[in-house]
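J.: Listed below, chain by chain, are the residues.
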Amino acid sequence: MSWQGWLRPDGRKGIRDAILVVYLVECAHHVARRIVDRMDDPRVQLIGFPGCYPNDYALAMMKALTTHPNVGGVVLMSLGCESFNREALAASAREAGRPVETVVIQQAGGTRASIEAGLAAVARVQDEADRRAVRVPMLRSELVIGTICGGSDGTSGITGNPAVGRAFDTLVDAGAVCLFEETGEMIGCEGHMAERAASPEVADALVASVQQAERYYRAMGYGSFSPGNAEGGLTSQEEKSAGAYAKSGSRAIAGVIRPAEQAPGPGLYLLDVVPLGAPKFGFPNIVDNAEIGELIACGAHINLFVTGRGSVVGSAISPVIKVCANPDTYARMADDMDVNAGRILTGEATLDEVGAEIVALIEGVAAGAQTKSEALGHQEFVLTYKASMPAGPACLPRVA
Amino acid sequence: MSAIAIRLSPADNVVVCCRTVEPGERFTVDGHTLAVTERVELGHKLALTPLAAGDKVLKYGMPIGSMTEAADAGAWIHLHNMKSDYMPAHLRDAAGDHA
Numbered sequence: 001m002s003w004q005g006w007l008r009p010d011g012r013k014g015i016r017d018a019i020l021v022v023y024l025v026e027c028a029h030h031v032a033r034r035i036v037d038r039m040d041d042p043r044v045q046l047i048g049f050p051g052c053y054p055n056d057y058a059l060a061m062m063k064a065l066t067t068h069p070n071v072g073g074v075v076l077m078s079l080g081c082e083s084f085n086r087e088a089l090a091a092s093a094r095e096a097g098r099p100v101e102t103v104v105i106q107q108a109g110g111t112r113a114s115i116e117a118g119l120a121a122v123a124r125v126q127d128e129a130d131r132r133a134v135r136v137p138m139l140r141s142e143l144v145i146g147t148i149c150g151g152s153d154g155t156s157g158i159t160g161n162p163a164v165g166r167a168f169d170t171l172v173d174a175g176a177v178c179l180f181e182e183t184g185e186m187i188g189c190e191g192h193m194a195e196r197a198a199s200p201e202v203a204d205a206l207v208a209s210v211q212q213a214e215r216y217y218r219a220m221g222y223g224s225f226s227p228g229n230a231e232g233g234l235t236s237q238e239e240k241s242a243g244a245y246a247k248s249g250s251r252a253i254a255g256v257i258r259p260a261e262q263a264p265g266p267g268l269y270l271l272d273v274v275p276l277g278a279p280k281f282g283f284p285n286i287v288d289n290a291e292i293g294e295l296i297a298c299g300a301h302i303n304l305f306v307t308g309r310g311s312v313v314g315s316a317i318s319p320v321i322k323v324c325a326n327p328d329t330y331a332r333m334a335d336d337m338d339v340n341a342g343r344i345l346t347g348e349a350t351l352d353e354v355g356a357e358i359v360a361l362i363e364g365v366a367a368g369a370q371t372k373s374e375a376l377g378h379q380e381f382v383l384t385y386k387a388s389m390p391a392g393p394a395c396l397p398r399v400a
Numbered sequence: 001m002s003a004i005a006i007r008l009s010p011a012d013n014v015v016v017c018c019r020t021v022e023p024g025e026r027f028t029v030d031g032h033t034l035a036v037t038e039r040v041e042l043g044h045k046l047a048l049t050p051l052a053a054g055d056k057v058l059k060y061g062m063p064i065g066s067m068t069e070a071a072d073a074g075a076w077i078h079l080h081n082m083k084s085d086y087m088p089a090h091l092r093d094a095a096g097d098h099a
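One line per chain: the protein sequences are S and G, in this order.
FYI, UniProt numbering numbers position 63 of the first sequence as 63, with every residue one higher than the one before it.
FYI, UniProt numbering numbers position 19 of the second sequence as 19, with every residue one higher than the one before it.
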């Protein structure tokens with residue numbers, strides 16, 4: 001199957017054409033939100049960064065997000081005195097062929113004037129994005145698909161996660177890029193991952209990433225484990241990990257990538273979300289949408305979100321397909337769920353059948369069908385401070 | 001008719017409930033008879049065989065922690081009788097700052 005995507009100047013193709021309104025400090029958040037609210041168009045989406053201090057990671061993330069293939073244009077909302085390098089961000093989006101405008105609230109004359117200036121800027125950017133739009137056929141092999149699990153319970157690891165794993169196997173075999181996360185939820189699985197590595201260098205990088213995650217989480221005092229995980233039948237970090245790891249499927253692991261880094265070629269990659277060195281700035285993944293944002297910054301067109309307890313979130317920029325692992329949760333929250341993987345537990349479907357259903361759904365959503373969270377208006381986004389995470393040479397797959 | 005509980009790997013000494021089970025229920029999984037003594041919810045674990053304190057708990061064929069006290073076949077296996085070999089789990093009443 002093929003569908004019409006958006007061809008971007010860098011050669012990547014998108015499945016959506018979002019116009020981003022980006023606040024560069026919390027002080028510009030209200031003005032940016034009013035602009036997006038008044039546009040009242042799902043295409044015009046709000047993202048932002050709250051802090052006033054500079055952060056290389058946040059700038060790298062914003063550069064990757066504003067040049068994502070699902071993004072057609074950008075309006076930056078700055079208070080004026082914050083540290084965020086708005087010129088560098090605007091230049092990066094402009095060089096990537098996106099129409100960009102910047103509104104500086106202190107120059108525009110305050111809240112009212114900036115909202116009006118922002119609305120006019122969004123209209124101009126949207127028109128220009130439409131003028132520049134190049135629609136081209138797009139194939140399964142051109143997709144970047146991420147996966148995450150949130151609100152996991154004792155069903156996630158036996159229905160939703162392995163079903164996503166089957167879908168990943170199909171996509172990897174088709175030449176797509178598949179991204180799984182996160183290293184804190186791979187604790188206990190590092191030996192098995194190393195056996196699946198495409199090269200000894202990748203095996204070393206996988207083990208090192210998990211060891212760093214374990215050190216980091218120990219220092220934070222908590223594993224990547226929530227009270228709801230325990231209420232849902234999971235008892236230990238390593239039990240949750242074994243279930244989470246099933247999302248990765250069974251194919252060779254081509255490499256380890258870091259937030260805002262693009263996969264160098266097709267295949268399956270681990271997204272390492274834990275910075276090197278001593279803990280700095282707090283938890284590496286404060287909440288599921290922080291990781292979804294990182295998967296999107298790595299180019300993910302769509303993210304597969306497996307939930308047992310029942311998450312409702314979506315995301316700005318890239319659609320989220322929610323795979324509900326637990327049949328009881330599905331019965332309660334069907335409006336929020338795209339896939340009922342609980343049918344595997346009740347004997348109504350097999351892992352392979354649900355895996356094939358997920359692949360078909362991905363192609364439908366890529367072709368323009370709305371996910372449940374898109375239809376409900378979910379466009380969550382969160383970005384906070386993190387130490388920068390440069391890629392190491394061992395993270396790149398060995399050239400065959 | 002689907003299974004009441006499933007053993008994910010032949011090496012496992014616990015099974016996962018495919019539905020909520022009630023006290024008094026008795027059923028067989030892989031030749032082991034389990035007697036349920038308390039309500040255990042969907043997705044939670046039951047001991048497949050009698051377990052002793054210190055035993056590794058095996059699920060997906062891999063260790064997911066260790067028993068902290070003994071349990072009979074059919075007993076609920078959770079935070080009250082097993083723990084992680086890596087790092088402790090926390091509940092909603094956890095202190096806000098362990099670091």
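Simulated from the structure, these hints should not be mistaken for laboratory data.
You may find that some hints are simply not true.
[Said to hold, decoys possible] Computed beta-carbon distance windows for the label pairs:
| hint | chain 1 | residue 1 | chain 2 | residue 2 | range |
| --- | --- | --- | --- | --- | --- |
| 1 | G | A11 | S | E95 | 50 to 58 Å |
| 2 | G | T49 | S | D37 | 44 to 52 Å |
| 3 | G | S66 | S | G221 | 15 to 23 Å |
[To be verified] So the derived list for chain S, only partly shown, Cβ under 7 Å to chain G, looks like this:
| hint | residue |
| --- | --- |
| 4 | A230 |
| 5 | A242 |
| 6 | T350 |
| 7 | Q379 |
The beta-carbon is built from N, C-alpha and C at its ideal position, and this holds for glycine as well.
J.: Taking the hints in turn, state whether each one holds.
T.: Hint check results:
1. In this structure the hint that A11/G and E95/S lie 50 to 58 Å apart at CB holds, the actual value being about 55 Å.
2. Separated by about 59 Å at the C-beta atoms, T49/G and D37/S break the suggested range of 44 to 52 Å.
3. The supplied range of 15 to 23 Å is met by S66/G and G221/S, whose beta-carbon atoms lie about 21 Å from each other.
4. Hint status for A230/S: holds, given a least beta-carbon distance of 6 Å to chain G, under 7 Å.
5. Taking 7 Å as the C-beta contact cut-off toward chain G, the hint placing A242/S at the interface holds, the least distance being around 5 Å.
6. About 12 Å separates the beta-carbon of T350/S from the nearest beta-carbon of chain G, more than 7 Å, and the hint is not met.
7. For the restraint placing Q379/S at the interface with chain G, the shortest Cβ-Cβ distance is roughly 28 Å, beyond the 7 Å limit, so the hint is violated.
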